[in-house]
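Chains B and P supply the protein sequences, listed in that same order.
Note that this note's numbering has the first sequence beginning at 1, numbered continuously upward.
Note that this note's numbering has the second sequence beginning at 433, numbered continuously upward.
Worth double-checking, as some hints may not be accurate.
[As the list claims (entries may be wrong)] In silico DSS-like pairs for lysine-lysine, Cα to Cα no more than 30 Å straight-line: (1) B:K258 <-> B:K274; (2) B:K17 <-> P:K446; (3) P:K689 <-> B:K162.
It should be emphasised that the hints constitute simulated quantities derived from the structure, not laboratory data.
Please read these numbers as outputs of a predicted model, since none were measured by experiment.
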Amino acid sequence: MFGYYFDLALRSLRRNKVLTALMVLAIALGIGASMTTLIVLHVLSGNPLPGRGSTLYAPQIDPRDMGGYRPQAEPPDQVTWTDGMNLLRAKRADRQALMTGGSVAIQPAQSALDPFYETARYTTADFFPMFGVPFRYGHAWGASEDAASAAVVVISSRLNDKLFGGRDSSGRMLRVEGHALRIVGVLGDWRPNPHFYDLRVKNYGGDEGVYLPLSTSQDLHLAHLGGADCWGNGGADATPAAPCAWLQFWVQLDTPAKAVAYRQFLIHYSQEQKSLGRFQRPPNVRLRNLVQWLDYEQVVPGDVQLQTWLALGFLLVCLVNTVGLMLAKFLRRSAELGVRRALGASRRALFMQLLVESGVIGLAGGLGGLLLAYLGLWLVRRQPADYALLAHLDGAMLLLTLLLAVGASLLAGVLPAWRACHIAPGLQLKSH
Amino acid sequence: MDIRPILSTLRRHKVTACLLILQMALTCAIVCNAVFLIHQRLQRMDIPSGIAEHDLLQIQFAYIGDRPDAYAQAQTDLATLRQIAGVQAVALANQLPLSGHDMSTSGLKLRPHQRQNTIEAASYYGQNLLATLGVRLIAGRDFQPDELLDLNTVMPALHRDDMKNLPHTVIVTQAVAARLWPGQNALGKTIYVGNDIPLQVVGVSAPLARPDNLQMGAQYSVVFPIRLTAGEGGSYVIRTTPQNRGQVLKSALAALKRVDPNRIVLEQRTYDELRRGFFENDRAMAGMLAGVIVALLIVTALGIAGLASFWVGQRRRTIGVRRALGATRTDILRYFQTENFLLATFGIALGMVLAYGINLFLMRHYELPRLPAIYLPAGAITLWLVGQLAVLAPALRASAVSPVAATRSG
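Excised from the complex, chain B in its bound form (with noise of 0.2 Å):
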């Protein structure tokens, strides 16, 4: 039955070439805009480390002083470098990481090859465990080498590439700012996004082409890149004596009794810290997993959500142009209709008829949605934000596209096929 009524649908769709043309352009344009946006929505807001969003957690305490001081204002987003080492070393988590980024000068020894800088990533050894970050060659640095300030470094594949040709260098030095640091890792296919663990240096498209030891970076004066607040006299320097919070932390804790217990550990740590004099706020902590700080972040950009609110309302207009369009048509063959019904077909039998000639419309609509968002999605790619490169098309989200074709079509379908097999056959055989 299906194949006929698919036949009968080519043929009605046939025979009105340019009403079938409108229809099929109007979700074409509908379904192609809100899902090139709907696209480029879906990759930014994914999760950077499935499966581990959960553990990972970003604690926040507040040691600014009163000045401009509210209650249940929401704390700094970074940590001072007292906070961070005295945190680092309770080891209250099951893993935890304190740090900053950076931006180095890096010196190949090839001298085809000028003088470049390269961004970095200074940070304490967790932090390759704790975001299970994948590794080619070699290994990473442990807390001895962090203890020590050892003169270590982990590259990644891209910056391998650059330097040594994508070949084994671990073992190999490394000129960083007049430097020899020796290689001991060089990273797999490693490029979170967005860069959640800090979020002031690029939220998308960032990765670090060098890691090493936070201690190694204070000990040789390493730039420090990044956002940094400050309160008091603090003048955005990033250093160890100012009242700035310019490093970030993270903590893997497995379960959530444990992430409850960290909390009432920070809340301890503040009281302790303000019994001290350290501290002038009344406690005041968070402690947010990974997914809930991208929320808290609000790392999407505004203009995305804007454009993907605009192409719905897009492909709403185009789904109420379709709607009409397909009255028009189903109600122009109330005559064919009618014999069909006095042959005998029932009504049911002529509402799958005429929804499988939506149905036919909007497969036909999702093709050519599907072309006009890979259109889409190639002028995003033009975009000068950071996000841009991101915006492409997967399997799921492809077959999503026609999925949402169909479905949109088909409901359009539903008002004006019910109004066409209502009716009266009587009535239609009678004025011919």
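On the provided structure of chain B, position chain P as indicated by the hints.
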């Protein structure tokens, strides 16, 4: 023209008419808001930076490793740059207007021990800054050369609360002066920053925009008498003439490389390029919105034309009867035009309400201002025009129906 017959016909096509009205309403509402968004973006892109934009070049260097002689090096660099043909002035600046990142801001207070900052202003500093940027002083004076402190002495002094090695003077923009002391003379007044460090206002300058966060007050900027080096994030700003920019940039880079080859160029661009980069996202967004508006109007126009053609086809006999009874072609044409005008009017009325609703939603979630009333009549006229254009072809076809059609069936 009597609209009663039109209305009674429409009543017999209730569903279709309602769909058409709904489509026009949605289009009207979205177009009004999208045009408003575009206007917002264009307005933002129009913000004056206050500096001599077309005359300026920026070069930013970074040293490899620590540089103990950085301050002497900076003076050599500045002297070298000044000697290049076509260079009118040279400065070392910590940041530039509209450069996309508030590297340094200061909370300004009017009284000591004040809890909340009165405003948060962008802090500019660097040698020879205002003169090179071309920012005029409206009142007061520029900093004297002996007033300038080195950043590497100011920073430790800040942490020690050592007032002697901190700046005592400040230049504020007119916008800051007007906000802090409305209707008064700002010269000689004192502001407090950080842990109540007093700064006396010695000059009031013409507008100087912030690097970023324009929503916090686009022209809220202050200038401190502090010198810095390229190693502390400063960049060289060169003033020349628009036609000499390419040549001067090339010679400046070569000259600086000659002075010290052991450094890396981070940035070399005209200020115009910098400004374009800052507004790139706004431009892309405005372009995208414009694209959606056009697509939306086209889809709506095609939808109207499609439905009108269908109606004309359906009413061929009725039209023939009317023609046979004496209606002229113009009458038929007018009939369809009026019908569309009526539908559009209903659509627009509903669209206004929707437009207002969407605007409320956007105001709540995206910090947008209220939609100015002028957009509503503009949106209405657009929709009427689109409707009339779309219905013209089917209406002309209707008016061409001959009276003989009355005698034929179907």
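Hint-by-hint comparison with the structure:
Restraint check for B:K258 and B:K274: the C-alpha separation of about 24 Å stays at or below 30 Å, so the hint holds. As the CA atoms of B:K17 and P:K446 are separated by approximately 26 Å, the hinted pair is consistent with the 30 Å bound. Note on P:K689 and B:K162: the hinted pairing holds, with a Cα-Cα distance of about 25 Å set against a maximum of 30 Å.
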